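Each chain, letter by letter, is given below.
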Amino acid sequence: MVGLIMLFINEKHSSIVYWVSVISSLLIFGLSLYALSLFDDSGSAIQFELNTSWIERFNINYHLGVDGISFPLILLTTFITPIVLFTARTSNKTNLHQYLASFLILEGLMIGVFSALDAFLFYVFWEAMLIPMFIIIGVWGGKNRVYATIKFFLYTFLGSVFMLIAIIYLYISTGSYSIFDFYNLDLSRIEQVLIFLAFLFAFAVKIPMWPVHTWLPDAHVEAPTGGSVILAAILLKMGGYGLLRFSLPITPDASNELSQIMVVLSLIAIIYIGMVALSQTDMKKLIAYSSVAHMGFVTLGTFVVFLNHENISSDNMTLAISGSMIQMVSHGLISGALFLCIGVMYDRIHSREIDDYGGVALSMPKFAGLMVFFALANAALPGTSGFVGEVLVIFASLKVNFWIAFLSGSTLIIGAAYTLWMIKRVIFGQITNEKISDIDDLNVTEFIPLMILAVMVIAMGIYPEPLMKLMHDSLIGLSETVIKGAGL
Amino acid sequence: MTFNIIGFILPEITIAFGICTVILVNSLSKKASIGLIHSLILFFLVLALFFSFVSLEIPDRIIFNGHYMIDSFGTNLKIIALIAAILVHLTSVKSKQNIKNEIFLVQLFATLGVLILCSAHNLLTVYLGLETLTLSMYGIVASNRSSVDATESAMKFFILGAIASAIFLYGISILYGVTGTLSLDSLKELVIISSLEIRIAVAFIACGIIFKFGAFPFHSWVPDSYQGSNTTAAIYISSVPKLGAFALISRLFLDALNAMSEFWSVLILSAGLFSIIIGNLIALMQINLRRMLAYSAIGHIGFVLLSFSIVSDTGVSASLTYLLMYLIMTIAAFGLIESIASEDHQHIELSDLKGLSKSHPSVAFMLLFCMFSMVGIPPFIGFYAKWMVLSELIYNDWIWLAIIGVIMSVIAAYFYLRVVWFMYFENADQPIENKGLKNTQSITTLLLSLMLFLIGLYPNPIIDYTRIIISSFLLID
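Those sequence lines, one after another, are chains A and B. Position one of the first sequence corresponds to residue 3 (this note's numbering), numbered consecutively onward. Position one of the second sequence corresponds to residue 2 (this note's numbering), numbered consecutively onward.
Because the hints were derived from the structure by calculation, they are not lab data. Please read these numbers as outputs of a predicted model, since none were measured by experiment. Incorrect hints may appear among the rest.
[Unchecked claim] Straight line, CA to CA, 35 Å or less: simulated DSBU-like cross-link-like pairs of lysine-lysine:
| no. | chain 1 | residue 1 | chain 2 | residue 2 |
| --- | --- | --- | --- | --- |
| 1 | B | LYS359 | A | LYS145 |
| 2 | A | LYS471 | A | LYS486 |
| 3 | A | LYS426 | A | LYS153 |
| 4 | A | LYS145 | A | LYS486 |
| 5 | A | LYS287 | B | LYS359 |
| 6 | A | LYS368 | A | LYS426 |
| 7 | B | LYS359 | A | LYS153 |
| 8 | A | LYS287 | A | LYS437 |
| 9 | A | LYS401 | A | LYS287 |
All chains, full assembly: derive it from the sequences and hints.
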């Protein structure tokens, strides 16, 4: 896997640049599919490894590779990016070529984050990603974009510098930046807790977990449609991925000890943020808060098994974590699609306020159908991918503690409440705003991506087996490492 | 024999000869074309650089009765200083009317001072180099004679600088009084135990050094002189003299007064730490771009000093790496600012940057590189600089310092991002009417911005280079 992306800075013909970037992103998706066909999903070994020396003096290697944990997320990245690029032309943008270039750079860096096996390299990709995202929100964002993008940047930067300190500390302890060398490190309890917290700080901001989620609604609201999609679909997943790649295996004892706090934080995210989402009047904000709530499931699934020591086994853990993983992928698809939908409406009416809409179904039937479908998927309708992830996590929690499962299950109700209520007010009902009566339905550029996403959501909802199989062995491997490390 | 000795100091001789030539040309023909003088200066700088490379081959030796040390450490620092001086010269705009030719001549003097400092091996030579440098710096700041601001800041700088020099000299004289020697070699042998007198002397010398670095608590001249003078002056005083200060601190503290390292490292450490805090916090409030960069420079120098105070070969080489990367960033940033400053509009404020991405896309894009590099975001070099310093701090169990350092970099991120914000996210009410980059300037800034990025992708050469310089220096001990 090569994460290098060309940069289009030439300001010649935006349409040529547009097609070149769409095609190149499609090619990258094709490459990742080709890699998928070569990928051997038995065993948890790293595949497609690339390891060359980078900074010899500090034993830093340019070490890339994928396993069953990172591969689904890479596929998600390469899948979402062409969609984002494809829809880039629907709304009027100045400097389209720069917009596209930012996304391509971003894609390369995101793939880099998911495939880096050297902690230093991981950090480089992780931080470098801030630059294109900062520019995307800042240049093409909404009214309050400067505030949002600086908040986004500073939050994430503050979180990740602590991760840098933890990584350097681990390097000094092992003499290497390789993540796998970190796994074998014998750390004292206090070291583990501190390192866990340092990593958590970085990942919690990114996921985002309550109470460090406040940058997300702002960033989402102000970002252009494509920025929101990437942010929700992929950037948030990096936090969850980081927990699996770093926190659990490097500091198993600390993960075990602090799992209660993590579970409580996740439940707060699921329930409290769900409630917050209910009261939103801005559609993007509503979906942003629902993202926080859904990502709460990811952290819940990651840590819930630690609560019941008698019942802990690599199978149970794999069940819970695969729930988290599926939740991540499915949330990537669904929230991405919902932001695209909102973008479609925004391009026509130039408002995100729920109150400005009503009766969209009458003038945009095709769109209304898709939007209702994604909203239902967001509320975890059985048969959609959203259901699979949440149910797996709830199952895993049920094995641990009934009340955790009960509380997390309540999200199905809250989630249904806020999404369906929004749908009711926006899509159905009488046309209150005159503008809505003369808008056009979806054009081809808007229809195709949404349709593809809808097909994917259904496919994953009905038959999640291939995805499960893809990551199963790697997750087993991970769980065994963690359980052995925590001495359970 | 005499010729042989001169052969060792060819770089210095070249610069000195260059100074004489430029003075002659400038005074003999009133209408000597500006281009000629600049090419002369450039020629002598390049020639000196060439001779420095040649003298890398010379085995280490001490000449002029122990006053002058030719070693690879000094020569390498000279090479860096000359390269920096050449880059500064190339980025400066020469055709402006309010900038007289003298400023470039005085810059040559200052460069000579830096070269002397790199090789000085006796307290007197050290002072000679230091004063050559400092006096020229006053001249550089004051060169904009018609401006009240420049004169005021030069005056402040001169008074503070004179006091700092006096304190430094007082420290030297105490040291001489206690040990009876001025030679760094004998000092090293004689200063073994730390008596009160020596402590006082070291503290006084440290004041002088910290002043030269422009670090807390002797930083107040930095913002004034960056802002008060013109950008051409600011580029120079923000870059080359710092190398002189680095040579000074290495020769005096790391080498001669190594026995006192426990004492002076605390001084340098606290100066560095407070520079990071004060510099970055005050920079938050600045709206004048040069003043903001001045405070940010104080913050950067804080990192250099913090890492230096570790007193290990890795710590000092991290410090030198930070300094080199700081030089690249700062010359590039000031060069770009110079390109958008018009003659009657020298004070570039943040609001002047509005819409720069539309009116001068290439300048804005390179300035974006500089700013993200200064924040410390990979893959730009500023990140590697910070990372190396942090690694050293953590390695020496100073995690708290590392945490303060990173928190201050996050705070610093705000004001750097503000530059990007004004350039890219705001539209201009009044676009800057300026031609933007001019020939040599555009090539140099482009080269520097590329370096910001390319060295970021492959930082090995600089990391290894500084390591070699420092370990060769410490081996002499």
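**Study point:** List of violated hint numbers, smallest to largest
**Key:** When the structure is compared with the hints, only number 4 turns out to be violated.
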